[in-house]
Every structure is written in C-alpha cells, then in structure tokens.
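Two chains, two frames, a set of hints: combine them into the complex.
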Amino acid sequence: MNNNDIVLRVEDVHKSFGDNEVLRGVSFDVRRGETKVFIGPSGTGKSTLLRCINQLTPPDRGRVWLDGEEVTNSGARINYFRQKIGMVFQNFFLFDHLTALKNVELALLRVRGMGRAEAHEKALTELRQVGIEDWADHYPAELSGGQAQRVSIARALAMDPDVILFDEPTSALDPELTREVLEVMKRLAQQGMTMLVVTHEMGFACSVANEILFMEHGLVAEQGSPDLLLHDPRFTRMKDFIGRIDSRMED
Amino acid sequence: MDQSVFIFEILLPALMQGLVVTLQLIACSAPFGLALGIGVAVGRQYGGRFVSSVCKTFVFLIKGTPLLLLLFILYFGLPAIGITFSAFVASVVGFILCNGAYNAEYIRGALMSVKDGQMVAAQALGMTRWQAIRSVILPQALRRAIPGLSNEFIYLIKYSSLAYMLTVIELSGAGKLVATKYFLYTESFAIVGIVYLVLVTITTAAVNILESRVAVPGTTRAATAAQL
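The listed protein sequences correspond, in order, to chains A and B. For what it's worth, our numbering labels the leading residue of the first sequence as 1229, then goes sequentially. For what it's worth, our numbering labels the leading residue of the second sequence as 2, then goes sequentially.
For reference, chain B alone in the conformation it holds in the complex (with noise of 0.2 Å):
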C-alpha cells in the first residue's frame, strides 16, 4: 500500500475522529479544571482551619498518587458503590481533580506573591474579605499564575491520551487501533505527535496573545527596564 494512500485515506480520518474526542475531553476538563483550582487555592489560603486542611490533604492525595491509578478507581472501582461513569465522564472527572489539584499549587503561588497591602486598603475601604478578595488578590493573582495555568493546560492536553486507557478512543487511541491494523507503528505514532504538536503550539500562541492582552501597562519587564 502507498504511504501517502495510507496516511491521508486511513491514517489522518481515524486521527481527526480522535481528535474531535481528545478536544471534548479538554473542553470539559479544563474550565472545571480552572474553577476548581481557584476555588481549592482561595480555600487553602484564606479559608479557615478545616477548609484549608481539607484543600492541602485534596492537592496532597492528587499530587502523590498517579494520574492513571484516579482513572481506573473512577471507573473501575466506583461501580462497587453504586456510582458508575461512562467512560468519557470517569476521564473528564479525572481530568478535573488532576487539573484543580496542580492548577491550585500554580493559583496558590500567585496569591501568596499578592502583597498584603493590597488586602488591606479593600479592608480599609469597607470591603469583606471575600470581596477583596475576588475583586483585587484574584484578578492579580491570575495573571501571574499564566504562566503555570498554560503550563498545566499543555500537560492536560497530552494526558488526555490516558482516557484510551479506559476505552475512550482519543487521538492517542486512535492512532494506536490503526497502527496495530496496519502494522505501521513508527508512521501512526509519529503522525499522532505531530497532532499533539500542533495542538500545543496553538496553545502557547494563544496564551502569548492571552498575556500580553491582560498585562497591567507599567508592570511588564520591558518597561521597568525602559525606566532603569
């Protein structure tokens, strides 16, 4: 068989089938992914005594076991008490957790670069903490947690491929199902990498756009160099 007859008539259709998966999977995790590692940060650095605990054992359990142990307990080990997942939500739900806890270190970092001041004067002006918070630590605090959040996004986007793992077929899974038909592993891997390549590269595009559209004008490295 022609490579290229295999590549674009085969190869590229069950890649782009697996594709539009792995994009659902980002789509649902990743905006959960955020909210939740927002909520775990706040929660850890000024929640009270239980919440914040409750946050650092969350991040702590999430952290020190591996990703593809949550996905099989998700999936496997669930039924056992009654609550089954289709495969495509155990992976979205595992995506979540996964992406909150490490989303949440990045966030935690960025608020505790906040400084108190800022804090404060919302207090000074009448403001609750929750507000001050929302309203002046977290838009701060975001912007500087770019860099980590875009950082976790791309690691989303390739562990995705573990969902394959629980019979989602996703880019990954897509490309392994034609590879072992065909036996053509070497050009089915390399093809599947380039996608992912791809899809990273867009990323990193479009946080460069994000960052430079939020930046605080005055504060930018450039600048303070331009002031010294």
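Okay, chain A solo, but in the shape it has when bound (with noise of 0.2 Å):
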C-alpha cells in the first residue's frame, strides 16, 4: 500500500478520565476515501476516539497525523487541522441563533477569510449537496432533526475538509429521519469522502463501511470488512453483540 494513500494515521492513543481507562491504545490508519465504521458497546471510547483525533479532547498519549503532519501537539495550528478534519455531532449542535444558510455560512467567513458572496454561494452549494437548500433561511429551532443533521454536515462539509468524523449521527432520530441522514452520507462515501462514523446502525455499517472496527474495552476487538466480521468464523465478538442487540430487539 503507497503510504501517499493514508490521509489519517491514528498511533497507540490512549485517554483516561480520572481512574477510568476509556482508550487503551488505539492505532489504525484511514485511506483516502475510505469509509471506517465504528461498533461497539456503550463506553468503550468510541466517541472519545473522534475527539481524540480533531483534539476536542486532548489523548494522554499517542498521536494522531493528517496528510503526514501530526495533529497532535501542534499548538495553535490544530484550528487549521480542524478546519480539515470535520465533525457532525449527535445532537446536531447547530449555532440556534442562525439560519441554516448562516450555520454553514459562519467558519467561512471567520475562520476561512472568505467574502460574503463566496461564503454565500458555498454554502447554497453545500445545502444543495445534502438536499436542503429549500430550508435555508430557517431557524435551527424550525428544522425536524434529520433536517438539522444535514444541515451540520454541510456545515462541515463546507470547510472542504480531508475526512468527516460522525459521532453517532442518527442516535437521537426516529427511524424515518435516520434513513433521510445514513442516504446523505452513503451519498458522501459514494462520492469519495473520507469518512470516520461512529454508530449502531449496523445495516449501514454493512452496506457502506469500507472496514469495521469493532471496539471493546477502550480497544479495537476485531477489525475487518464488513464480510470477514460477519462471516469468518475467526470472529466472533461483533457477531456475539449484535445477536445481543438483536435478541434485545425482539423482547
């Protein structure tokens, strides 16, 4: 594998809070265009990875590299990297006091330089991208939730970045709305974003991840495509928490 091809590499990260252990020394590296999933367990530090690596939570140790310059430790540089490491939330976390147009408008302007007009074309661009520019001058607090979900994931793809980090982006939508979100980001990975998704939406994981990383106690269990975890019999763990899942579905 050319070396070129790795837009983000993750080292041995670990992150503690207080006695708890939530990373226990995560490492893998993420292709241009790749789309990695991430399974597990509540509290196994899937969340804590995402923001481990656009540093919203600073890792203990180990280190985490973009494009071959590393993100970690830089200093005041990291608002560049997170510029180009973008993240949608669960909870959507939109600026509630702008229009939606102004949401993706807003890092363009401060923190990108941009002008006015080109901010705004941008961002009728992006808005488009994920099928919501009719929506535009409404208020966050007018949007249903999957909505507001595009709606922050053209935000962040507005900022042109390397790799979108998803931090569980249907967990707080009903069924409907989860489908209207997971097509705009099987959308995204079709097109070539890379991207990073943390989420229980296991038919998703299946038909879109490039490679699912199955985590368990602060560390990645089992890792692979989406074929080999299901099928080898090599593995087992994922496949012993989604039959956990499932028989919980069923009660």
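Derived from the structure by calculation, the hints contain no laboratory data. As the structure is a prediction and not an experimental result, all values here were calculated from the model. The reader is advised that the hints may include incorrect statements.
Claimed, not checked - One side only, chain A facing chain B, incomplete, derived with CB under 10 Å:
id, residue
1, Ser1302
2, Ile1306
3, Asn1307
4, Arg1310
5, Met1315
6, Arg1338
7, Met1342
8, His1366
9, Ser1380
10, Ala1386
11, Gln1419
12, Ile1473
As the list claims (entries may be wrong) - Computed cross-link-like contacts, DSSO-like style, restricted to lysine-lysine with a CA-CA straight-line distance of at most 27 Å:
id, chain 1, residue 1, chain 2, residue 2
13, B, Lys64, A, Lys1312
14, B, Lys64, B, Lys159
15, A, Lys1330, B, Lys116
16, A, Lys1350, A, Lys1312
17, B, Lys177, B, Lys116
18, A, Lys1330, A, Lys1414
What the hints assert, rightly or not - Far from chain A, by Cβ distances over 10 Å, these chain B residues were calculated:
id, residue
19, Phe51
20, Phe77
21, Val90
22, Val121
23, Ala125
24, Phe184
25, Val217
Quick reminder that beta carbons are idealized off the backbone N, C-alpha and C, glycines included.
Structure, rendered in structure tokens:
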C-alpha cells in the first residue's frame, strides 16, 4: 500500500478520565476515500476516540497524523487541522441563533476569511448537496432532527475537509429521519469522502463501510471488512454483540 | 402664585435643563457599562485563573459597597492622589463601574445558559475560543440577558440622581433646587417622579421592541406552545 494514500493515521491513542481508562491504545490508518465504521457497546470509547482525533479531547498518549503532519501537539495550528477534520455530532449542535444558511457560512467567513458573496454561494451549494436548500432561511428550532443533521453535515462539508468524523449522527433521530440522514452519508461515501462513523446502524455499517472496527473496553477488538467480520468463523465478538442487540429488539 | 404658573413657567423649564443632564449622564454611562459588563462576564467565565479572579473581585467590591460611597471616593478622594475629575466625569465613571458590575452578572448567567455543544461545534470547525465566544456564544447570551440588562438600565436612570450628591444638577437636583426655593416640595417632587416614570416607560417600550426584533424564530415561548 502506498503511504501517500493514508490521509489519517491514529497511533496508540490512550485516554483516561480519572480512574476510568476509556482508550487503551488504539491505532489505525485511514486511506483517502475510505469509510470506516466503529461499532461496539456504549462506553467503550468510540466517541472519545473521535474527539481525540481533532483534539476536542486531547489524548493522554499517542499521536494523530493528518496527511503526514502531526495533529497532536500542534499548538495553535490545531485550528487549521480542525478545518480539515470535519465533525458531525449526535445532537447536531447547530448554532441556534443562525439560519441554516448562516450556520454553514459562519466558519467560511470567520475561519476561512471568505468574502460574503463567495461564502453565500458555497453555503448554498453545500445545502443543495444534502438536499436542504429550501430550508436555507430557517432557524434550527424550525427544523426537524433529520433536517438539522443534514445542515450540520453541510456545515462540515463547507470547510472542504479531508475527513469527516460522524459521532452517532442518527442516534437522536427516529427511524424515518435516520434513513434520510444515512442516505446523505451513503452518497457522500460513494462520492469518495473519507469518513469515520460511530454508529449503531448495522445496516449502514455493512452496506457502506470499507472496514468495520469493533471496539470493546477501549481497544479495537476486531477489525475487517463487513463481510469478514460477519461471516468468517474466526471473528465472534462482533457477531455476539449484534446477536445481543437483536435479541433485545425482539423482547 | 398660581400653581399652573409655578409648574409650567418655573418648575418644568428647570426640570428640562436637569433632564438634559440626566440624559447626558445615561448616554455617557450606559454604552460603556454594557461593554464593561460584557468584558467582565467573559473574563470571569472564559478567562484564565488570574483574569477570572480579577473580574470576580471587581464585581464583589462594587456589589458590596454603596454606589454613593464609590462616587464620593471618585470625586472627593481621588484628588488626594492627584486624580481630579469634574463632578460630571466622576459621576459617569461611578455609574459605568456600577452598571458594568451588575450587567456582568446578568451576562454571566446568560453565558452559562448557552449549551457547551455550541462551543464544541465552533471549535470543531476550526474557530478559536475567542472567535467562538464572539460569533456564537455572545450573540446567544446577550439575547437572553436582555430582560436583566434592561432592568439594570432602568436602575441607571434612577441612580443617576446620585450625581446630585457630587453637585451635578441633573433632574432630581433641579427639582430639589426649585422645591427649596419656593417651598413647594410635594408638587416639585411629584413632577420629578412623573418625568422618571416617563423615562422608564419609554425604556420599557423600547426594550420590548428590541426583544421582538432580535428574537430567534422558533424559540419564543409562543412558538413552542403552538407546537405542543
């Protein structure tokens, strides 16, 4: 594998909160255009791992590299890396006082230093990309959860990121709204966006992921293509986990 | 002397002169009081340990002492160390400090009410903390602080009368001078009170207009109730 293909490298990341060791040495490489999906029980550090990548939560140990440059210990340059590493949150975190359009424009104006007209055009393009340009002038409180999440995806896309981190993007949504968000994400993956997705949506994981990383107790327990993890008899832990979810659903 | 002659030809002209001074005091104090309040609230909430404790101490001192005492120190005390203010300037400085300290508490409460996710989302886009505070946190917090800030502005209208204690002839002072000269205390002070009431009424109406102008659609109580 050509080293230049690797856009993001995570190396032995550790993180504890007090006595609670949430990440116990996680490493992986992400190739450009790849979709990696993180699955696993709650509290195994999946969300913390994403936050360690863009340093919203600085890791205790380990390093993160973006395009060959170190993201960890980068000082004020972290704000440059954060532009290049988009993030989508479970609860959207749209800026409540701004319209959908202005939510997307804000960082273009303030961080990228774009002119008003250019930022406006770019924001509209991104809203169109997620199919929500008709709602451009509405405020977050006027949007459904699915619409709000699509706006937040547009907001991340507008920075032209190298990779987007999705932290349980559909966990706050009902099944129908979940579907509309997953469709947008699926399309992004097909267009070649590099994505890391923490989710409980197995259907999405199996149909879109190039690789699934099954996490347990702060470590990557199993790692491989969906097909491999689901069907190869050597891998059992993820199947057990899915089995537990399914039996709970049937109750 | 006919009462209407007293009111319209003697009292009101004097009060209007005083009113102009009162308005000048307010106009010179309120904007800086607001700016100081924002600065102190942000410093206390987001500043480092040193800045935060300076801001906290400032609020503590102003809240804990009478404004009149502060005015006396500014006007009568500071010349002893070589700083001499005119009565008007000393009053304005006192009002700014007082107004700023109380505003800071209203704004701090509003800052705390903005959810952490707003800051997290802003930083995830590559904004510095300062950029996030300026373009994301403060615009939301200040909207929520309007009711408290307007209250404080109304207090300012009224405690501007303390400038009279430093010999500034503002609205109350003008009323007092006329009252003592003509021995018509009730009439004089009743009219002074009415002028203050008018000022406060205008302010309240202006704040209502401001609040509805800056309201974020979908977040008002009426809109929420309609959805339920």
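Determine which of the earlier numbered hints do not hold for this structure and return their numbers in increasing order.
1, 7, 11, 12, 13, 17, 22, 23 and 25
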